[in-house]
Amino acid sequence: MPIFQLHVNGVMRTVDVDGNMPLLWVLRDVLGLKGTKFGCGVAQCGACTVHLDGHAVRSCITDCGVAALAHITTIEGQSPQIQACQQAWIDLGVPQCGFCQPGQIMTASAMLKDIPNPTDEQIDAYMRGNICRCGTYPRIRAAIHQVAGNGSKS
Amino acid sequence: MSEFNRRDFLRITGVGTGAVVFSCYISPELALGQEKQSIGSILHEGISLLNPLKFVYLDPITGNMTIWAHRSEMGQGIKSTLAAVLVDEMEADWSRVTVKQADADAEAFGIAFPYAASLPKELPLDQSEPPIVRGEDAQFADSSRSMAAYFDAFRAFGAGVRMALSMAAARHFNVDLSQIEARQHKVSVKGGGRSVDYGDPRLLFHLNKLNEEKKLPPDTDAILAYRKPPSEWRYIGKQMPFIDAQDMVNGKAVYGADVEVPGGLLRAKMLTAMIVRCPVANGSLKSFNPEEAMKVPGVKHVVAVLPQGVFPGGVGAAFNPHAGVAVIAENTWAAWQGRRALVNNNSVQWDLGPHASYDSAAFRDEMKSSTSQPGKVMRNKGDVDAAFGSAAKTVEAHYHIPHLAQAPMEPPVAISVYDNGTWDIWAPSQGPELLQHYVGVALLEPNVVKQLVWNVEDRGAFTAAQVAAGDWQRQDDFNKTLAQALGVDEKTLLAMRDDLKKRVRSSVRVHVPLLGGGFGRKSKPDYAMEAAFLARQFPGTPIRVQWTREDDIKFSYYNAAAGQYWKAGLGGDGLPTALLWRGAATSFFGTLFPAGPDVFQKARQAFHNGGTDGYLSAIERAHGFEDMPYDVPNIRIENCVAKNHIRTGWMRSVANIYHAFATCSFADEMANAAGRDSKDYLLDLIGKGHRYRQKEFEDQGVKAYDNNLFPVEKRTYLLKGVEKLIIPQYPPDTRRLRAVVERVAQESGWNQKVQQYKGMKGRGLGIAAHRSFLSYVAIVADVSLNDKNELTVNEIWGVIDCGRAVNPDRVAAQMEGGIVYGLSYALLGEITCKNGAVEQNNFDDYPVARMNQVPRMIHTIVQDPPREVADEYDDKVVPPTGVGEPPTPAVAPAIANAIVAAGGPRIREIPFLRQVTVL
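Chains as they are written, first to last, in the numbering used here: chain A, 4 to 157; chain B, 621 to 1539.
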């Protein structure tokens, strides 16, 4: 099996895996980074969202070989936007079961990096790829607005 | 075990190590067995760190406390909420409390209401009141029952702990107990400044002394008097801590798939299994060829899941897994690739069994025919037929609700390791001891008739009220039938039961991580059974069974498909003089029990009054069917036949989903037929409101109204001429239903908006209200439907009356989430079957609500019950009731009604996307 060097959360990691193995399973099964969740396996739910060079991607359909070309950030990693989201999520009591929230935060933080003050339409456009079955959407929206420092905007 | 005293609610263990464990519980075995006089609470001698599953442990070195959360945390917040109730009443310092999730322990966690625990010894046993959730399923986080069943008990338990510590302080300072106050982990002499920490060794010394002097525990009445007045609560009814929030947002929270099996390097490395399952219920494995899967790098084993002789999952096979072949590999991806290789090469051959021709579209028509014929009369008032004859106008409608899958974000997953005849199982489970029961029995008792001994009960387990309702008669009938089938006497039967339970509980240990959502799916332990079967084949190796989303969608326990027929005769004033309701739905009891032979039907009837094959159980009938709330002089409610062809289970709010959709939609249909405002008409249907009485149900032919296990009337006993409360009343009360309707109309600005929208094209308001799990919810939906038939739900208002709101923010969160869940299945939800197999696969063809489909404004209001209702309770407060499920049922009909108001079609089927476009 090929050997890949992955730059994960600022640390270089070497893994020896099937080159088709999606990044999700490399993170979870090989590197033990279990904050990235498996929800659907076909990029329908967003639970597995991570950042590649700051952009949100679904790790369940991202080949390990592709990920090796970029800086990977997971929910265990750090960025000003990730930390701001985590705090807002706690402040507003967003999580219920919490399972999808790492993915929600990774998508939201990538959006906030590109669009510091998103409108509700922009939030819809970015966040519609992340499913929450507990139905925390209203609070996710409010938390994003809190991070952006604005009220609800359309 | 020590001497039991049924008047004691709290027991305290002072042991040589100095550790103090507080427990309060009733063991079902003790309640049922030879120590049946012991209902109450007990002292568990010799408890140490090795067996700390008794709610509260006070560490003798640090003085810190550990609380064991016995109910599973799946997003409803119960882990934090019940702990906060205890901490509040104990006056513990939250920063010195750790909350841990308890393992399955059926003997530890069934607690009665404190009043029930204080029953006098002389009271005949059959008048006593066992806990609402007995030890058998005290950990079963289902039916929105956690707070209703445990709030009062935990308040009293916490107060008892504080009282015991205060008594020890009084002894230490040599003052009267009245001179002692407890604040934030310290007990002090009032005004004097002298204080000791809860962990002070001197306090523990005096606790032990008090215990030796038999002054502990205090009696229940004294504990109840020691409870804090609500004005002194720190957490109850206020902002509460949220234990796992930090871990949830930083990725450290441990869900099912994240569990690391303890044992470190001494353990074999965990392997991951993926299973190809028979697509049809009850189908069996004919043969398989492992060759192609074994070629995949990392694949270690390819094996059949079910042992010889185990019935494949499906109809009447309870929680047995579907037949399957497991690919076991070094990691998830290898297992997945191996499974693909099996499927792609057609390596598995099935005998598809008796349900291979099931077609859900044909079933829909079948349900319509079924409800077009008379069914079994479940409730009758007046003379519906005569009233129809003299009605000014009749209205009728057929409704259909499809199979629905819960689809929690975390797909099912379970880990098991088998060593020396015992199993450890880690599974995100809503019912750890239910899991232990079913998995253990499947592992240890292959004979399906002998498995039924688990369900044997003796007369002592029944209260007078249950006997009157016929529960004991059904149980006795089953006991006798089973004894005969096994060729043993009833005494042997009880011994067999005790032996089976003992073997199961000593052989299967169940550990519970956080649940990534449950919604009823994780009440069913089929996935854990798969892991346990596989683990037995590879002793010493932990096996993780990982389900994919496709597995979750295709092998759920689906909420029932249902047909509902309503007919009304309207009088000259437009209000109904008669209502006929015929409902047919695939009962989940058809999954729990096979249709034959007779002993299984007897078992079904004895188990929660489960009804007969093709018909609803008492549980489902109490989900808005028998307790239909409209105040109409003539009512007939009939249950029509519906047979199962796939596994039926339950999904958030269960039978309320189909009952409320029909009931609340038909209210609006009648209002439209009468040319009236929907809200005003609904209030007229409800009438001025009244408290349903047990007798009223009985007079109308409802002999055993389930009421989510809670009594309709309060239960009391007479002690020296004084009436003492055992458990308060939880009646359906249409005054409360009326009040939430009035409030939601006010909050949504109903009257003004209805006027405003009259002149507008494509905008409308809809209203619906429903009682479920003892709580009352009213919903108003504001929708737009444009020229292209595209639906937008603009805004939703929801009002809930759940009695005392213990954790208001989590009540609001459950309202928001429950509304989204209801909107999701209403607009999008449908599972269909062809040739016996589920057609949907993943979130692309089983869509669920996304951010952009949910209203930006969801307003939730937590409302106190009307004063006149609260005044009927001893302490003038209505006790807490369900919150997790009640928000959901009224959402679908509120949206359907709004669509009509917006000029759209009357939608009588879920999902709405068949008739309107959902963007």
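Please note: incorrect hints may appear among the correct ones.
Now the in silico label distances, taken between C-beta atoms and shown as ranges [said to hold, decoys possible]:
| no. | chain 1 | residue 1 | chain 2 | residue 2 | range |
| --- | --- | --- | --- | --- | --- |
| 1 | B | V1497 | A | G35 | 44 to 52 Å |
| 2 | B | M1477 | A | I64 | 33 to 41 Å |
| 3 | B | Q866 | A | L72 | 56 to 64 Å |
| 4 | B | V1261 | A | I64 | 17 to 25 Å |
| 5 | B | P861 | A | G152 | 23 to 31 Å |
| 6 | B | P861 | A | I64 | 34 to 42 Å |
| 7 | A | D94 | B | Q928 | 50 to 58 Å |
Heads up, incomplete: computed chain A residues facing chain B, CB under 10 Å, no partners named [said to hold, decoys possible]:
| no. | residue |
| --- | --- |
| 8 | P25 |
| 9 | V45 |
| 10 | I64 |
| 11 | G68 |
| 12 | Q89 |
| 13 | E124 |
Hints are computed from structural coordinates only; laboratory data are not their basis. Just so you know, even glycine gets a beta-carbon here, dropped at the ideal spot from N, CA and C.
Exercise for review: Could you work out which earlier hints the structure fails to respect and list their numbers in ascending sequence?
Suggested key: As far as the earlier hints go, 3, 4, 10 and 11 are violated by this structure, in ascending order.
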